[in-house]
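Here the protein sequences come in this chain order: A and B.
Just so you know, we're using the numbering used here here: the first sequence kicks off at 12 and counts up by one.
Just so you know, we're using the numbering used here here: the second sequence kicks off at 24 and counts up by one.
What the hints contain is simulated information worked out from the structure, not anything from laboratory work.
Each hint should be verified, as a subset may be incorrect.
[Stated by the list, open to error] Computed list of chain A residues with no C-beta within reach of chain B, every gap over 10 Å:
id, residue
1, 86
2, 91
3, 100
4, 102
5, 117
6, 121
7, 124
8, 127
9, 128
10, 142
11, 186
12, 189
13, 241
14, 276
15, 298
16, 342
[Unchecked claim] Derived CB-CB ranges, DEER-like:
id, chain 1, residue 1, chain 2, residue 2, range
17, A, 412, B, 205, 18 to 28 Å
18, B, 198, A, 106, 38 to 48 Å
19, B, 180, A, 341, 21 to 31 Å
20, A, 412, B, 198, 23 to 33 Å
21, B, 130, A, 207, 36 to 46 Å
22, A, 396, B, 206, 21 to 31 Å
23, A, 106, B, 67, 45 to 55 Å
Quick reminder that beta carbons are idealized off the backbone N, C-alpha and C, glycines included.
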Amino acid sequence: MKQTNKFTSLVAGVGLFAAASTPAFAQDTVKVGLLTDFSGVFAQLAKDVEDAWMLAYDERDGMVAGHKIEIIKEDSENSPQVGVQKANKLIKSDDVAIFGGVISSGVGIALAGVADKEKVPFVAGFAIADPLTGKFCSPYVARTSFSANALQAGTGAYWANKGIKTAVFMGPDYAAGQAMLAGFKNGFEAAGGEVVLEELTPFGKTKDWGPSLLKAQQTGADMIYTFYAGSEAVQVVKQHAAFGMQESMPLRGAMWIYDEALWDAMGGVQMNAIHVTNYTNALDTEASERFEKAFMDKYGRLPVASNAMGYTNAVAIFDALEDAIEANGGELPEDGAAIIDALSALKLDNDPRGPVHFNDDHNAMQEELYMVQIVEGEDGKPTHKLIDTLPYGEDLPGCEMQ
Amino acid sequence: MEQPQSDSYQGQSGGDVSSHDPMEPQAAREHKTFLLTSLAGLLFLIAIPFLVGEYYVSLASEILIFAILTSGVNLLLGYTGLVSLGHAAFMGVGAYATAIGSSLLGYPVWFVMLASITVSLVIAYGIGLLSVRTKGVQFLLITLAFGQMFHAIAEKTRYTGGDDGMTNIPRIDLSLIGLDADHDRVFYFFVLVCFVIALALLRLVVDSPFGRVLVGIRENEKRMLALGYSTFPYKALAFGISGMLAGLAGSLWVQHSFFVNPHIMTWQMSGEALLMVIIGGSKAFFGPLLGAAFYVLAKDFLSDITEAYLMFFGLLFVLVVAFFHGGIAGFIARIFNRTGGPAGKDDQ
Numbered sequence: 012m013k014q015t016n017k018f019t020s021l022v023a024g025v026g027l028f029a030a031a032s033t034p035a036f037a038q039d040t041v042k043v044g045l046l047t048d049f050s051g052v053f054a055q056l057a058k059d060v061e062d063a064w065m066l067a068y069d070e071r072d073g074m075v076a077g078h079k080i081e082i083i084k085e086d087s088e089n090s091p092q093v094g095v096q097k098a099n100k101l102i103k104s105d106d107v108a109i110f111g112g113v114i115s116s117g118v119g120i121a122l123a124g125v126a127d128k129e130k131v132p133f134v135a136g137f138a139i140a141d142p143l144t145g146k147f148c149s150p151y152v153a154r155t156s157f158s159a160n161a162l163q164a165g166t167g168a169y170w171a172n173k174g175i176k177t178a179v180f181m182g183p184d185y186a187a188g189q190a191m192l193a194g195f196k197n198g199f200e201a202a203g204g205e206v207v208l209e210e211l212t213p214f215g216k217t218k219d220w221g222p223s224l225l226k227a228q229q230t231g232a233d234m235i236y237t238f239y240a241g242s243e244a245v246q247v248v249k250q251h252a253a254f255g256m257q258e259s260m261p262l263r264g265a266m267w268i269y270d271e272a273l274w275d276a277m278g279g280v281q282m283n284a285i286h287v288t289n290y291t292n293a294l295d296t297e298a299s300e301r302f303e304k305a306f307m308d309k310y311g312r313l314p315v316a317s318n319a320m321g322y323t324n325a326v327a328i329f330d331a332l333e334d335a336i337e338a339n340g341g342e343l344p345e346d347g348a349a350i351i352d353a354l355s356a357l358k359l360d361n362d363p364r365g366p367v368h369f370n371d372d373h374n375a376m377q378e379e380l381y382m383v384q385i386v387e388g389e390d391g392k393p394t395h396k397l398i399d400t401l402p403y404g405e406d407l408p409g410c411e412m413q
Numbered sequence: 024m025e026q027p028q029s030d031s032y033q034g035q036s037g038g039d040v041s042s043h044d045p046m047e048p049q050a051a052r053e054h055k056t057f058l059l060t061s062l063a064g065l066l067f068l069i070a071i072p073f074l075v076g077e078y079y080v081s082l083a084s085e086i087l088i089f090a091i092l093t094s095g096v097n098l099l100l101g102y103t104g105l106v107s108l109g110h111a112a113f114m115g116v117g118a119y120a121t122a123i124g125s126s127l128l129g130y131p132v133w134f135v136m137l138a139s140i141t142v143s144l145v146i147a148y149g150i151g152l153l154s155v156r157t158k159g160v161q162f163l164l165i166t167l168a169f170g171q172m173f174h175a176i177a178e179k180t181r182y183t184g185g186d187d188g189m190t191n192i193p194r195i196d197l198s199l200i201g202l203d204a205d206h207d208r209v210f211y212f213f214v215l216v217c218f219v220i221a222l223a224l225l226r227l228v229v230d231s232p233f234g235r236v237l238v239g240i241r242e243n244e245k246r247m248l249a250l251g252y253s254t255f256p257y258k259a260l261a262f263g264i265s266g267m268l269a270g271l272a273g274s275l276w277v278q279h280s281f282f283v284n285p286h287i288m289t290w291q292m293s294g295e296a297l298l299m300v301i302i303g304g305s306k307a308f309f310g311p312l313l314g315a316a317f318y319v320l321a322k323d324f325l326s327d328i329t330e331a332y333l334m335f336f337g338l339l340f341v342l343v344v345a346f347f348h349g350g351i352a353g354f355i356a357r358i359f360n361r362t363g364g365p366a367g368k369d370d371q
């Protein structure tokens, strides 16, 4: 049967370079799976994560604790079934020490189950559904992004403290939309605000937001808070502008609604919009400048939030492997849980997002979130301007680690 | 009516609906070759875990699970001539019933499996009663609509985690016979046992007078009506049995992947099942198994080579449909007939 030694062309190039620059004696390789949604609606995010992984790989010359890293890429196609099958391949055929990546929450939760049963560590790179490190938490599962609640509750509290008393929530009616709503409401209402209307639209089927925007308008709320992504985000932002509500009832949200990749499609109406994010290339800390420069040198463009998320994912996995191997006398530990323990103990002070550490549920926590505005840059193109920072929210409880 | 091209084409004896003599020479020979090929195939399936690595054993489990689903689909498609786009829903019913029963309510898995199969039979029969009154495109659309309805229910139900689904679903407890189904090889044999029982039952069904009536309906429903058969209950029961097999496949699937979410009930899943049947050969009893094997292995092989594998996959489908008359099974049958080999080998 075919044992795939699977470097794609990019990795092969990088691998050759790394091999040339390291001593020529044979070393054991450590296999790491990059299992993410290369095809499907998250294709762009997956590419962003992959680019960041390769940067992190280059930066350590493809080595971890004296072992060569071999990255094996698999496409989970944004389908839990395919994800489970590919995880089985990585675990049983390729014999990976650990695997990460994954954008989709659905795939992430499925893989958490596989990781827990097969006792092979899995580190989600995005997959922000709360239950991943809540109800479904495991000694073999960690996440380097954040949970929906941490981001949205922090943001909700921020707006309430800024004097916003009433808000309308708009979002797609499925698990992610409901989780974002719950998170925002938690933070916003605890800080004295009130969500006066919860407008959940059918996911993937809504084309006309007119009725929802009209309902929102009638409430006279101070702002609309949204969670939409991709083409839905473009349509909501455009229709909101067409309703002339930008001044009277601004449309706010997190990084997805005003994603950089959508700016062209929005055609200018995104200008001056304000949203929260957990990374922006407008940050000017030492760590973020360094990351920005390294990314620019390698790819010739500025990194975006999903690049930063992929970078944390890869760095955390590599650092955890390093620590776990060193603690085990230069060999991979028998029990994969030791790698997750090492990951949980990491203090990523040089993360481009700001210092990142992990809580008891193995979920990433960062110091603060960033409120950014889309403004015209020096070159006349839209860019982020950092206007404020805000405290990070908390994870939902619910994890009972065996 | 077109006469069967070869006696190896199972169930194409549409002309002999009224013939009940099982011991006529051709039928007897057919029966013998069927038993022989089944036995050879079964020996091969038993040998698999001793020949290949763990990953390919888990792929083989997947193939058998899909083969149960597609054999069920084929009872409608190949034998009765009904194209259903809603079978993923019954797979989902079996999957969710198993997940809820074992993971949320804590019943033992063997009991939950029996319950899941019963529930999918009842639900599929009910939906069959409503949908088999229609034909052709209308039937396809009504099954699609029911499928989407179940998908929507699963997505909305908070109790089962909505869109997120459920994970950590246990596999069957085989500790009574000293085995642990968490091991892939053990689980494979469990799936194989379920597969053999399911296909043996299916074979009994299609060989029975009931199965003959189904074939008659496929070939010429009006003639069946004229012969005095009320075709409606036959079609509804066929739909129910077919849904029951899909439910069994779903129940095995959640145990295989430890996981369920509404994705399992998408109409694309129903479409894939139809593709497997058509590729494998809807006229042959083991066509769906061949189709499932081809589908899973080709996908695994191609996706290893290129990320754009769906393109090649599509091309393969077109080639199979265009040149392999009667799917893979039909192709094999023709090779054996031309070389004078034993008829019926295509069954396996």
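Now for the hints, and whether the structure bears them out:
1. Listed as outside the interface, residue 86 of chain A is inconsistent with that label: its C-beta sits roughly 6 Å from the nearest C-beta of chain B, within the 10 Å cut-off.
2. Residue 91 of chain A, annotated as away from the interface, has a beta carbon of chain B within 10 Å; the closest lies near 5 Å.
3. Not every C-beta of chain B lies more than 10 Å from that of residue 100 of chain A, the closest at about 5 Å, which undercuts listing it as non-interface.
4. Against the 10 Å criterion, residue 102 of chain A falls within the reach of chain B, whose nearest CB is about 8 Å from its own CB.
5. A beta-carbon of chain B is positioned within 10 Å of the beta-carbon of residue 117 of chain A; the least distance is around 6 Å.
6. With a least beta-carbon separation of about 4 Å from chain B, residue 121 of chain A fails to lie farther than 10 Å from that chain, contradicting its non-interface assignment.
7. Against the 10 Å criterion, residue 124 of chain A falls within the reach of chain B, whose nearest CB is about 3 Å from its own CB.
8. Not every CB of chain B lies more than 10 Å from the CB of residue 127 of chain A, the least distance being 6 Å, so the non-interface label is violated.
9. Distance check for residue 128 of chain A against chain B: the nearest CB is about 5 Å away, which does not clear 10 Å, and the non-interface claim fails.
10. Against chain B, the non-interface label of residue 142 of chain A is violated: not every CB pair exceeds 10 Å, the least being about 6 Å.
11. A cut-off of 10 Å between C-beta atoms contradicts the statement that residue 186 of chain A is not in contact with chain B; the least separation is 3 Å.
12. A Cβ of chain B approaches the Cβ of residue 189 of chain A within 10 Å, the least distance being about 7 Å, so the stated non-interface status is violated.
13. Listed as a non-interface residue, residue 241 of chain A keeps its Cβ farther than 10 Å from every Cβ of chain B; the least gap is roughly 16 Å.
14. A cut-off of 10 Å between C-beta atoms confirms that residue 276 of chain A is not in contact with chain B; the least separation is 25 Å.
15. Listed as a non-interface residue, residue 298 of chain A keeps its Cβ farther than 10 Å from every Cβ of chain B; the least gap is roughly 32 Å.
16. With 10 Å as the threshold on Cβ separation, the claim that residue 342 of chain A sits away from chain B holds: the shortest Cβ distance comes to roughly 22 Å.
17. The hint said 18 to 28 Å for the Cβ distance between residue 412 of chain A and residue 205 of chain B, and at roughly 20 Å that hint holds.
18. As the Cβ distance of residue 198 of chain B to residue 106 of chain A is approximately 28 Å, the hint placing it in 38 to 48 Å is violated.
19. A beta carbon spacing of about 50 Å between residue 180 of chain B and residue 341 of chain A contradicts the range 21 to 31 Å that was offered as a hint.
20. At about 25 Å, the beta-carbon gap between residue 412 of chain A and residue 198 of chain B stays in the expected band of 23 to 33 Å.
21. In this structure, residue 130 of chain B and residue 207 of chain A meet the distance hint of 36 to 46 Å, their C-beta atoms being roughly 44 Å apart.
22. Checked against the hint of 21 to 31 Å, the C-beta distance between residue 396 of chain A and residue 206 of chain B comes to roughly 57 Å, which is inconsistent with it.
23. A C-beta distance of roughly 27 Å is found between residue 106 of chain A and residue 67 of chain B, which places it outside the suggested range of 45 to 55 Å.
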